[in-house]
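Novice: Please build the complete structure, drawing on both the sequences and the hints.
For the sequence shown, the residue numbers in my numbering are 51 to 621.
In the DSSO-like style, the derived pairs of lysine-lysine whose C-alpha atoms are separated by at most 30 angstroms in a straight line are: (1) 612 x 520; (2) 612 x 263; (3) 590 x 612; (4) 425 x 402; (5) 402 x 367; (6) 188 x 263.
Taking CB as the label site, the calculated pair distances span: (7) 99 x 318: 29 to 35 angstroms; (8) 513 x 359: 24 to 30 angstroms; (9) 401 x 494: 21 to 27 angstroms; (10) 372 x 534: 45 to 51 angstroms; (11) 324 x 355: 31 to 37 angstroms; (12) 99 x 570: 53 to 59 angstroms; (13) 439 x 328: 49 to 55 angstroms; (14) 619 x 327: 29 to 35 angstroms.
These aren't lab readings, by the way, just hints derived from the structure by calculation. No experiment lies behind these values; they were computed from the predicted model shown. In this text, a Cβ means the ideal position worked out from N, Cα and C, and glycines have one as well.
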Amino acid sequence: MSHLFKVNHLREILLRRAFVTAEQLNGHESSRDGQLGAMLLQEGIISDAQLAAALAEQFNLPYVPLDGFVVARELFRELPVAECYRNLFLPYRINGDVLEVVISDPYDLSLTDRIEAMCGRRVKTLLSTRAAIDASLKRSQGEVSALDDISDDFRLVVEKNTEEGADESVSLENLDGESSPVIRLVNTLLVAALSKRASDIHIGTHEHGVRVKYRIDGVLYPATEMLDRRYHSALVSRLKVMAELDIAERRIPQDGRFKLRSGGRDIDFRVSIMPGVFGEDVVIRILDKSAITTGMRELNLDSLSMDTSVKMRFRRKIREPYGMVLITGPTGSGKTTTLYAALAEINSGEEKIVTIEDPVEYQLNGILQIPVNEKKGLTFARGLRSILRHDPDKIMVGEIRDSETAMIAVQSALTGHLVFTTVHANNAFDVIGRFAHMGVDIYGFVSALNCVVSQRLVRLICEHCRRETKPEASYLEISGIDPGLHSTRTWYEGAGCNHCSGTGYRGRAAIMEYLDMSPDIRQMIADRRPAKELQAAALKEGMLTLRQSALSKVFSGETTLKEINRVTFVD
Numbered sequence: 051m052s053h054l055f056k057v058n059h060l061r062e063i064l065l066r067r068a069f070v071t072a073e074q075l076n077g078h079e080s081s082r083d084g085q086l087g088a089m090l091l092q093e094g095i096i097s098d099a100q101l102a103a104a105l106a107e108q109f110n111l112p113y114v115p116l117d118g119f120v121v122a123r124e125l126f127r128e129l130p131v132a133e134c135y136r137n138l139f140l141p142y143r144i145n146g147d148v149l150e151v152v153i154s155d156p157y158d159l160s161l162t163d164r165i166e167a168m169c170g171r172r173v174k175t176l177l178s179t180r181a182a183i184d185a186s187l188k189r190s191q192g193e194v195s196a197l198d199d200i201s202d203d204f205r206l207v208v209e210k211n212t213e214e215g216a217d218e219s220v221s222l223e224n225l226d227g228e229s230s231p232v233i234r235l236v237n238t239l240l241v242a243a244l245s246k247r248a249s250d251i252h253i254g255t256h257e258h259g260v261r262v263k264y265r266i267d268g269v270l271y272p273a274t275e276m277l278d279r280r281y282h283s284a285l286v287s288r289l290k291v292m293a294e295l296d297i298a299e300r301r302i303p304q305d306g307r308f309k310l311r312s313g314g315r316d317i318d319f320r321v322s323i324m325p326g327v328f329g330e331d332v333v334i335r336i337l338d339k340s341a342i343t344t345g346m347r348e349l350n351l352d353s354l355s356m357d358t359s360v361k362m363r364f365r366r367k368i369r370e371p372y373g374m375v376l377i378t379g380p381t382g383s384g385k386t387t388t389l390y391a392a393l394a395e396i397n398s399g400e401e402k403i404v405t406i407e408d409p410v411e412y413q414l415n416g417i418l419q420i421p422v423n424e425k426k427g428l429t430f431a432r433g434l435r436s437i438l439r440h441d442p443d444k445i446m447v448g449e450i451r452d453s454e455t456a457m458i459a460v461q462s463a464l465t466g467h468l469v470f471t472t473v474h475a476n477n478a479f480d481v482i483g484r485f486a487h488m489g490v491d492i493y494g495f496v497s498a499l500n501c502v503v504s505q506r507l508v509r510l511i512c513e514h515c516r517r518e519t520k521p522e523a524s525y526l527e528i529s530g531i532d533p534g535l536h537s538t539r540t541w542y543e544g545a546g547c548n549h550c551s552g553t554g555y556r557g558r559a560a561i562m563e564y565l566d567m568s569p570d571i572r573q574m575i576a577d578r579r580p581a582k583e584l585q586a587a588a589l590k591e592g593m594l595t596l597r598q599s600a601l602s603k604v605f606s607g608e609t610t611l612k613e614i615n616r617v618t619f620v621d
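Specialist: Dropping the structure here:
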């Protein structure tokens, strides 16, 4: 079924929407509508999005931006991805018995009829830009259809064994051209992981098969169905070859890395292989440097969605002339990102800032960043000593792991340097015991300490499928919340959609427990008062706990009660 015939001329719509001026249309009087848009776009007078918006009005079609959209796998079974590329359209969704498709050229009046002939359904057309459709097709091909096709070769019914190849390129364009199913499987797993924003790929070996999972926003999700165990050896060997590891060694852990280019992006993959009962398990850590570099340009404390009162107090502490700013939390809780946001704010170019990290994941302009290299003898402690001879004003120590590094860091903070660092502890008060266990003088430690931030990450509700919900009163009670709030507040959850791969969550934000080192708190720590008394005193002074920070995000509709119960304890 064709879309409605246009009512207004394109030039009239462009002028009325102020996308162009009358002067810019000079010389285009004789151009037909179908030519006018392409010519103005080529001359840079209008943008792709402006043209799409004008065409949507002209042809009375709904406009969809397709930001992060992924085609559901069942739609690619109705309309092959090759046909989508060839005719530049996108299957959007099935609404009743009507298939909605997104097009970019409404002047192609026969396109709807051709799509209806392909799928045997009635078709309704929507409109978007060529670039958005192309990007969504590539994202969807890597995430859905290609992975489906390749997984077919490795399910438990497969009998055929294959030779492993050597081509290490990863791109959507050549996935179907690989001769070895093992290479195609590895390449597609990597491409799909990037499309899904995965931070890690977990390949686990079980008694009856091999399970591949992606860690997305801190939670593991299945990537494929269970794969046949007979292909485990070839799969692990392929990864070992790429990471330049010993393929003959299967009894000890091995660590390696490789770098690939995908879609113009340089991406690092760190491979960790661990022998288990049923064979070797593999974890691949993904570091997309292009995405990090883009994010770092806009990184500051405002971009971390910190609580306003915490942000104001933390901002004061990172601008003090000396002392120690300490971030604590488990691995993967965003500690380094918070420290870099702080450094980005104070990096005015007037002071010498030096960091020592293991490894250097983010690269900041104007800051000397030193990677730890324990094989060559460059440890945190040795590097920190050398940094102090480099006349620094501000120092960042990626992590305090041992007593020697802890003592040097405290001494540096006491002798006129501002030290930013992290340590593994469960909350802000456990930090004190951690440093005491490492043999650091507590009086010197609290004298140096400016503040402690304990941090976790919680998943955010997907904006595309966010909806109201009503949690059970009993669940509120278990969560430490007054059941009377059941009907007085509005609660939200994610229904699950293509944008969030059906999880209901997309993206993460930090929740923070902030401990300000006031004179009373310092004295109580020096007197070795119990942690319970310290916490009570800090709460009186306005400390925000992790649970309180998490609940504020639930009440503002950013995350769910179930999610904060996963990462925080009930007070």
